Amino acid sequence: MKVILLQNVRDLGEKGEVKEVALGYARNFLIPQGVVREATTDAVQEIEAQKARVAKQAEFDLQKTESLAQKLDGQIVEVTAKASEEGTLYAAISAVKVVSALKSKGFEVRKEQLALGHIKEVGEHELVVNLDHGLEARITLVVNPE
Numbered sequence: 001m002k003v004i005l006l007q008n009v010r011d012l013g014e015k016g017e018v019k020e021v022a023l024g025y026a027r028n029f030l031i032p033q034g035v036v037r038e039a040t041t042d043a044v045q046e047i048e049a050q051k052a053r054v055a056k057q058a059e060f061d062l063q064k065t066e067s068l069a070q071k072l073d074g075q076i077v078e079v080t081a082k083a084s085e086e087g088t089l090y091a092a093i094s095a096v097k098v099v100s101a102l103k104s105k106g107f108e109v110r111k112e113q114l115a116l117g118h119i120k121e122v123g124e125h126e127l128v129v130n131l132d133h134g135l136e137a138r139i140t141l142v143v144n145p146e
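If you use full-length UniProt numbering, the sequence shown corresponds to residues 1 to 146, in order.
Just so you know, not all the hints are guaranteed correct.
[Claimed, not checked] Straight-line distance between alpha carbons at most 27 Å, and here's what the computed BS3-like set of lysine-lysine pairs gives: (1) Lys64 to Lys105; (2) Lys97 to Lys82; (3) Lys19 to Lys56; (4) Lys15 to Lys56; (5) Lys97 to Lys64; (6) Lys19 to Lys2; (7) Lys111 to Lys64; (8) Lys82 to Lys111; (9) Lys71 to Lys97; (10) Lys15 to Lys2; (11) Lys51 to Lys19; (12) Lys103 to Lys71; (13) Lys82 to Lys105; (14) Lys2 to Lys51; (15) Lys103 to Lys120; (16) Lys56 to Lys71; (17) Lys105 to Lys120; (18) Lys71 to Lys111; (19) Lys51 to Lys64.
[As the list claims (entries may be wrong)] Okay, the calculated beta carbon distance ranges per label pair: (20) Pro32 to Asp132: 34 to 42 Å; (21) Pro32 to Asn130: 40 to 48 Å; (22) His118 to Val18: 49 to 57 Å; (23) Lys64 to Pro145: 33 to 41 Å.
Please keep in mind that the hints were generated in silico from the structure rather than gathered at the bench.
Note that the structure is a prediction, hence the values are computed from the model and not measured.
The beta-carbon is built from N, C-alpha and C at its ideal position, and this holds for glycine as well.
Starting from the given sequences, assemble the full structure and let the hints guide the process.
Spelled out as structure tokens, the structure:
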């Protein structure tokens with residue numbers, strides 16, 4: 001019997017695949033558990049259409065992320081923080097502060113995407129923004145004293 005996997009099944013396959021299984025295995029075990037459904041022509045067409053939509057969305061997301069990476073790369077972002085006369089900051093620069101500075105320049109970045117070290121000095125610092133799809137952008141963070 002041909003079935004469509006609705007989720008990953010160990011030793012059988014991954015979600016969305018069409019597999020041939022024994023009739024008893026499908027009817028007595030897989031279908032009652034809700035992990036497969038019978039592979040009718042309509043169901044197979046529906047799965048293929050869904051795969052096409054997912055692939056199209058992934059391609060759109062990749063293009064959007066590549067565009068963001070190109071625009072973001074080389075940007076200079078300035079933040080201010082309280083500092084001593086020697087240029088040592090009283091508190092480290094947080095990812096939230098950098099994200100809000102990027103947002104004010106029109107860039108949507110999550111704080112988890114910033115490779116932000118322990119910045120406690122006034123001056124220029126190089127940061128890496130780890131974007132989705134394995135893309136990176138390098139920005140310069142300029143910390144000015146208040």
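Taking the hints in turn, this is what the structure says about them:
no., hint, verdict
1, Lys64 to Lys105, "holds, 17 Å"
2, Lys97 to Lys82, "holds, 13 Å"
3, Lys19 to Lys56, "holds, 24 Å"
4, Lys15 to Lys56, "holds, 18 Å"
5, Lys97 to Lys64, "holds, 24 Å"
6, Lys19 to Lys2, "holds, 6 Å"
7, Lys111 to Lys64, "holds, 19 Å"
8, Lys82 to Lys111, "holds, 21 Å"
9, Lys71 to Lys97, "holds, 20 Å"
10, Lys15 to Lys2, "holds, 14 Å"
11, Lys51 to Lys19, "holds, 16 Å"
12, Lys103 to Lys71, "holds, 13 Å"
13, Lys82 to Lys105, "holds, 22 Å"
14, Lys2 to Lys51, "holds, 18 Å"
15, Lys103 to Lys120, "holds, 22 Å"
16, Lys56 to Lys71, "holds, 23 Å"
17, Lys105 to Lys120, "holds, 23 Å"
18, Lys71 to Lys111, "holds, 18 Å"
19, Lys51 to Lys64, "holds, 20 Å"
20, Pro32 to Asp132: 34 to 42 Å, "holds, 38 Å"
21, Pro32 to Asn130: 40 to 48 Å, "holds, 43 Å"
22, His118 to Val18: 49 to 57 Å, "holds, 52 Å"
23, Lys64 to Pro145: 33 to 41 Å, "holds, 37 Å"
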